[in-house]
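Throw the hints in and build the complete structure from the sequences for me.
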Amino acid sequence: MAGRLHIAPLDLARLLPELTVDAPLVTSPNMAPRRMLSAIRLEAGRLRLNRLFWGLTPPWLEILDHAPHCARAESLESRPMFREAFQARRCLIPASGVYAWKPQPRFKQPFLITRVDRGPLLLAGLWCRFHTSLAEHTDSLALITVPTNRLLAPLTDRLPAVIDPAQAQRWLDPGTPIEEARALLSSAPLELLGAFPVSRRVNSPAQQDAACAHPVGPMLRQSD
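Numbering-wise (my numbering), the sequence shown opens with residue 8 and increments by one.
Be aware that one or more of the hints could be misleading.
[What the hints assert, rightly or not] Ranges between beta-carbon positions, derived for each pair:
#1 Glu187 <-> Ser230: 29 to 35 Å
#2 Gly52 <-> Ser230: 39 to 45 Å
#3 Pro16 <-> Arg208: 16 to 22 Å
Everything labelled a hint here was simulated from the structure, so no lab data went into it.
Each residue gets a CB set at the ideal place from its N, CA and C atoms; glycine is no exception.
Structural data, given as structure tokens:
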């Protein structure tokens, strides 16, 4: 699953020139769930960046710790918690990487999975709204995960689906047929992502210094 993100300052204006920034991008070298996270949504035909709580909290959820931070792509239409949001409330989460932990004989080695060119990623998500009063509400999200490609499978069995910037509007538009939206949820191409080992200091979400993401070994990537 995707329990930790790396979010560096990103040039979203270059990536999505039509984006309106309602709240500055939340950055973190070690972002964990149950925190506010920046997300892109389509509102009145415009792409807008604002902040949502990472952990899907539908109105009927009674225990916050039960709020899922990820949703499996295969269960989006079978689980009531995800079905309506997948059909009408899709979002994108800008990030620079996703952490994964590779099992070792004595410990789990953390890796940072990024684009091989270290460019920004747009991760697929869905969101919901919980009205706390007639005038106030809280929006929350979950990342959508898909099976990992064979290159990264030794590190983790699932990763968030990556949406190409050229398909951002199509993914976000609730008018997009559900079959077309579903087709965008696939494992990343082998040549897109790589991974390098990082310090085990990232194991604690309390660690928020840049050293969390410093490579301590070479990047694993698809050979030419």
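Here is how each hint holds up against the structure:
no.	hint	result
1	Glu187 <-> Ser230: 29 to 35 Å	holds, 33 Å
2	Gly52 <-> Ser230: 39 to 45 Å	holds, 43 Å
3	Pro16 <-> Arg208: 16 to 22 Å	holds, 21 Å
The structure fails none of the hints (numbered hints given earlier).
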